[in-house]
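Participant: Generate coordinates for the entire structure from the input sequences, incorporating the hints supplied.
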Amino acid sequence: MLRVRGLTVGYGAEPVLEGLDLEVPAGKFVTLLGPSGSGKTSVLRCVTGLLQPQRGAIELDVGASEIGFLFQDDALLPWRTVRQNVALGLRIRGAARAPAEQAAERWLALLGLEGFGARYPRQLSGGQRKRVAIAQVLALEPKLLLMDEPFASLDAIVRTRITQELLRWVERNNLTVLLVTHDLEEAISASDTVYVLSQGPRAAMRARHDVPISRPRDLLEARRHPAFGSLLRSLWNDLSGEPAAVDSAM
Amino acid sequence: MALLLALWEALARLGVLDPFYAPPPSAVARVLGTLFSDGEIWPHLQATFAAALAGLAAGLVLGILLGFAAALTPLLAELLEPVMILLNAIPRVILAPLFVIWLGIELASKVALALILVAVLVFFAVYGGIKEVDQRLVERVRTLGGGRRVLIREVYVPSVTAWVLGNLKVAVGFAFTGAVVGEFVASSRGLGYLLQFAQSTYNAALTLALIALIMAFVLLLFAAAEQLERRALRWRYA
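Protein chains in written order, with the working numbering: chain A, 3 to 252; chain B, 10 to 247.
Treat the hints as calculated values from the structure; they're not laboratory data.
All values reported here derive from a predicted model rather than from experimental measurement.
A virtual CB, placed ideally from N, CA and C, is assigned to each residue, including glycine.
Check before you lean on any hint, since a few could be wrong.
[Stated by the list, open to error] To give an idea of the interface, some chain A residues facing chain B are shown, with a C-beta separation under 8 Å as derived from the structure:
no.	residue
1	50
2	53
3	67
4	71
5	79
6	91
7	95
8	98
9	122
10	124
11	125
12	129
13	223
[Unchecked claim] Ranges of calculated distance between the beta carbons of each label pair, as one might list FRET restraints:
no.	chain 1	residue 1	chain 2	residue 2	range
14	B	208	A	99	57 to 63 Å
15	A	120	B	99	46 to 52 Å
16	B	97	A	174	54 to 60 Å
17	B	14	A	124	38 to 44 Å
18	B	246	A	98	26 to 32 Å
19	A	64	B	228	58 to 64 Å
20	B	246	A	104	26 to 32 Å
21	A	222	B	97	56 to 62 Å
22	B	229	A	124	27 to 33 Å
23	A	220	B	143	32 to 38 Å
24	A	155	B	16	51 to 57 Å
25	A	209	B	83	42 to 48 Å
26	B	156	A	16	29 to 35 Å
Facilitator: So this is what it looks like as C-alpha cells:
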C-alpha cells in the first residue's frame, strides 16, 4: 500500500531524517516510533504532500483521496457545528449538504456522539472532539489511515477507550494504518510491525520489530501476551541505547 | 456615575464649580432637551450619522478588499503594507483639512475622513487575520481534499470575519471620530459643526450636551455592534 524509499527530510541544511526505508503492506497496522525530533511527523507530512522531501521516493497504491490523516490536534473548524465538521470532507468532494450531513450523523452515532451534531467544538470535551475528528476522517472511508500521535492529549482511560474503538474499526474494515507515536505500549498493543527511529538530526531506521500478537486485539489483554514484555524491553533498548533499568514492571 | 453627577450638580449649585466652565448636569440636560424639542438637532444628527455610517461602510469594504488582496498577493502586500503602516502611525485626523481642500466642506470630506480611519484599522485586522490563521486548520482542510477556493471559504473568510467583527466596535468609534472631526474642521452642519459653534461662543453647556449626545449614540452603536458580533460569532459564545 505504501512504500518509502531513501526518504530524507529536513527544514534546513542538515536533514532531520535521512535515508528512511519503510513499507506498510495493505491491511497492516504499522507504527513508526521514535524520540522527539526524529522526523516521524515529517514522514506522514511527506506522504500527504504537506511537505516535500529533500530526497527519496514515496510510492502509494492509493490515490490522495483515499488517504485519511488524523492529526495530533483536533483541528476542527471552530465556526462549524460538529455535524458540519464531520460532513466537511464529503462536501469538499462534491456531496450535497443534506446527504453529507445525514452521513455525518450516522458516523457520530457510531462513535457515541448521537445528538451532538448541533453543538460547536468548544462545547465538547477533549475526548469528544477527538471522536469528531475521527468521524471526520472515517466518513471519507479512507483505505490508508495516517495517524500522528492522535491521542497524545487525552487522559489514559479516554485514550485507551478511543484507541480500542478505532482499532476495532480498523480490523473490521481491514484498513491500512501508519501510526506515529512515542508511546511504546501503544505501539506494541496496536501494531503488526514497529519501526524505530534514532534521535535526530540525521535520524535513521534503528530497528524493526514484528508483533506476534494475533488479531482481533484487545489493548489491555495484549499487555499480558508473553511477547509484550520482551518487545517492550527491545523497544526501550532501541530508543535509549541502554538496557531497561527496571525489569519488574514488565 | 449617578453619584458623580449628583456631586457635580451639588458643587455647581454651591458655587464651588464655576457654571461658566462646568455648568451643572441639569443645565446640560435642559440644553439637550431644547435641542430636541425645537427640532434644531435633527439635521445635524442626520449629517453626522450619514457621514459616519457611509464612512464606516466604505471603510469596511475597502479595508477588507485591500487586506485580502495584500494577504493573498505578496506583490500587493509589498506595495500596500508600508503605506498602511505609515497611515497607521500618524494621527489620521490631521488629513481632515486636506480632504476639505480636495472635496469641499460638505458630506464627501467627512465620509473620506471616516473612511480612511476605518479602512486602515480593518486592513490590519484582515491582513493580520489571514496571516495569523491557524495553519492546523489550513492543513486539515488540505488533507480533506480542499483547494484554494475551499480554504478561502472554510478557513480564511470565517477566521477573518471573527477578526473584523471583533474590531467593529473600534471601527464604529473611528467612523464617528472621522465624521465629527471633519465637521469640526469645516462644515455647515453636523454635531462637529455644532461643537465648533459651541466652542466659538464659549457655550460650555452646549459643548457638554453635544459630547453627551455623541457618547450616547456611539455607545448605542457599540451595543448594536456587540449584538451583531454575538450573533455572527455564536460559535464563540456557545
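Participant: Does the CB of residue 95(A) sit less than 8 Å away from some CB of chain B?
Facilitator: 6 Å, holds
Participant: Okay, residue 97(B) versus residue 174(A) on CB: inside 54 to 60 Å?
Facilitator: Distance hint for residue 97(B), residue 174(A) holds at roughly 58 Å.
Participant: Indicate whether the distance between the beta carbons of residue 155(A) and residue 16(B) respects the range 51 to 57 Å.
Facilitator: 55 Å, holds
Participant: Does the nearest C-beta of chain B fall within a distance shorter than 8 Å of the C-beta of residue 125(A)?
Facilitator: 5 Å, holds
Participant: Given the hint of 46 to 52 Å, is the C-beta distance from residue 120(A) to residue 99(B) inside that range or not?
Facilitator: 48 Å, holds
Participant: 56 to 62 Å was suggested as the range; check whether the CB atoms of residue 222(A) and residue 97(B) agree with it.
Facilitator: Distance hint for residue 222(A), residue 97(B) holds at roughly 59 Å.
Participant: Note whether the CB distance of residue 246(B) and residue 104(A) lies within 26 to 32 Å or breaks it.
Facilitator: 28 Å, holds
Participant: Taking 26 to 32 Å as the stated bounds, is the beta-carbon spacing between residue 246(B) and residue 98(A) within them?
Facilitator: 30 Å, holds
Participant: Once the shortest beta carbon distance from residue 50(A) to chain B is found, is it less than 8 Å?
Facilitator: 5 Å, holds
Participant: Given a hint of 38 to 44 Å, does the C-beta separation of residue 14(B) and residue 124(A) actually sit inside it?
Facilitator: Holds - the Cβ-Cβ distance for residue 14(B) and residue 124(A), about 41 Å, lies within 38 to 44 Å.
Participant: Using Cβ atoms only, decide whether residue 122(A) comes closer than 8 Å to chain B, and label the hint accordingly.
Facilitator: Holds. Min distance 4 Å.
Participant: Holds or violated: the hint that residue 79(A) contacts chain B, with Cβ atoms closer than 8 Å.
Facilitator: 6 Å, holds
This entry does not satisfy hints 2, 8, 12 and 13, going by the numbered hints stated previously.
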